[in-house]
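There are 2 protein chains.
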Amino acid sequence: MSKSIFYHAGCSVCVSAEHDIINLVGKDKLELVNIGETRNRIAEAEQAGVKSVPALVTTNGNVLHINFGASMEDVKG
Amino acid sequence: MSKSIFYHAGCSVCVSAEHDIINLVGKDKLELVNIGETRNRIAEAEQAGVKSVPALVTTNGNVLHINFGASMEDVKG
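Going down the list, the sequences are from chains E and Y. Start counting the first sequence at 60; every next residue gets the next number (the numbering used here). Start counting the second sequence at 60; every next residue gets the next number (the numbering used here).
This is chain E alone, in the form it adopts within the complex (with noise of 0.2 Å):
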């Protein structure tokens, strides 16, 4: 994959980790994930590695969790 992806579920925290990252990394290597609302994406963050939101899934396939936002568990309930 040539973008990091940035997963999210819309919460203050992850809106906020957003904003930064974005000014970080640029939006153009970014793709960014709601998986509040793309569910269907869910389990492919898992399969990631993904813990909890937000999280920076790398190009080299790192996970970067980012403060926390939200569980897993809480974004599937």
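These are computed hints drawn from the structure, not numbers from a lab. Each hint should be verified, as a subset may be incorrect.
One copy or two, either will do: identical chains are not told apart, so a pair holds if it fits within one copy or between any two.
Derived pair list, reagent style SDA-like, types lysine to any residue, alpha-carbon separation capped at 20 Å [unchecked claim]: (1) K88 to H78; (2) K88 to G120; (3) K62 to D133; (4) K62 to H78; (5) K62 to G85; (6) K86 to T118; (7) K62 to L91; (8) K110 to R98; (9) K86 to S130; (10) K135 to V72.
Given chain E's structure and the hints, the job is docking chain Y onto it.
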């Protein structure tokens, strides 16, 4: 400040996150501070709101705590 500051303590989680952040943000836009070694910057990090390392303080003053390496208490230990 014109650069984001990446605070870390040399732990394995920190080093891994450091590589990812350098790849994402670019080394020229980052100041890397090992507060395990440069202990006189611990107070500054705490004042910026850093609760654990690794953490990235953005140019607008937001703190992004990334994964979890060590609490500030552990670093001060």
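Structure-based check of each hint:
In this assembly of identical chains, K88 and H78 lie within 20 Å of each other by CA distance both inside one copy and across copies; the values are 14 Å within and 17 Å between. Taking the shortest Cα distances, K88 and G120 sit within 20 Å of each other inside one copy (14 Å), while across copies they are farther apart (23 Å). In this assembly of identical chains, K62 and D133 lie within 20 Å of each other by CA distance neither inside one copy nor across copies; the values are 26 Å within and 35 Å between. Taking identical chains as interchangeable, the C-alpha atoms of K62 and H78 lie at most 20 Å apart whether they share a chain (17 Å) or sit on different chains (16 Å).
Taking CA atoms no more than 20 Å apart as the test, K62 paired with G85 passes in both settings, with 10 Å inside one copy and 15 Å between copies. Both within a single protomer and between protomers do K86 and T118 lie at most 20 Å apart by alpha-carbon distance, with minima of 14 Å and 17 Å respectively. In this homomeric assembly, K62 and L91 come within 20 Å of each other (Cα to Cα) only inside a single copy, at 10 Å, whereas the closest approach across copies is 24 Å. In the homo-oligomer, the alpha carbons of K110 and R98 lie at most 20 Å apart inside one protomer (15 Å), although the nearest pairing across protomers, at 32 Å, exceeds that limit.
In the homo-oligomer, the alpha carbons of K86 and S130 never lie at most 20 Å apart, since the shortest distance is 25 Å inside one protomer and 31 Å across protomers. In this homomeric assembly, K135 and V72 come within 20 Å of each other (Cα to Cα) only inside a single copy, at 17 Å, whereas the closest approach across copies is 27 Å.
Hint compliance for this structure: hints 3, 9 are not met, and every other hint is.
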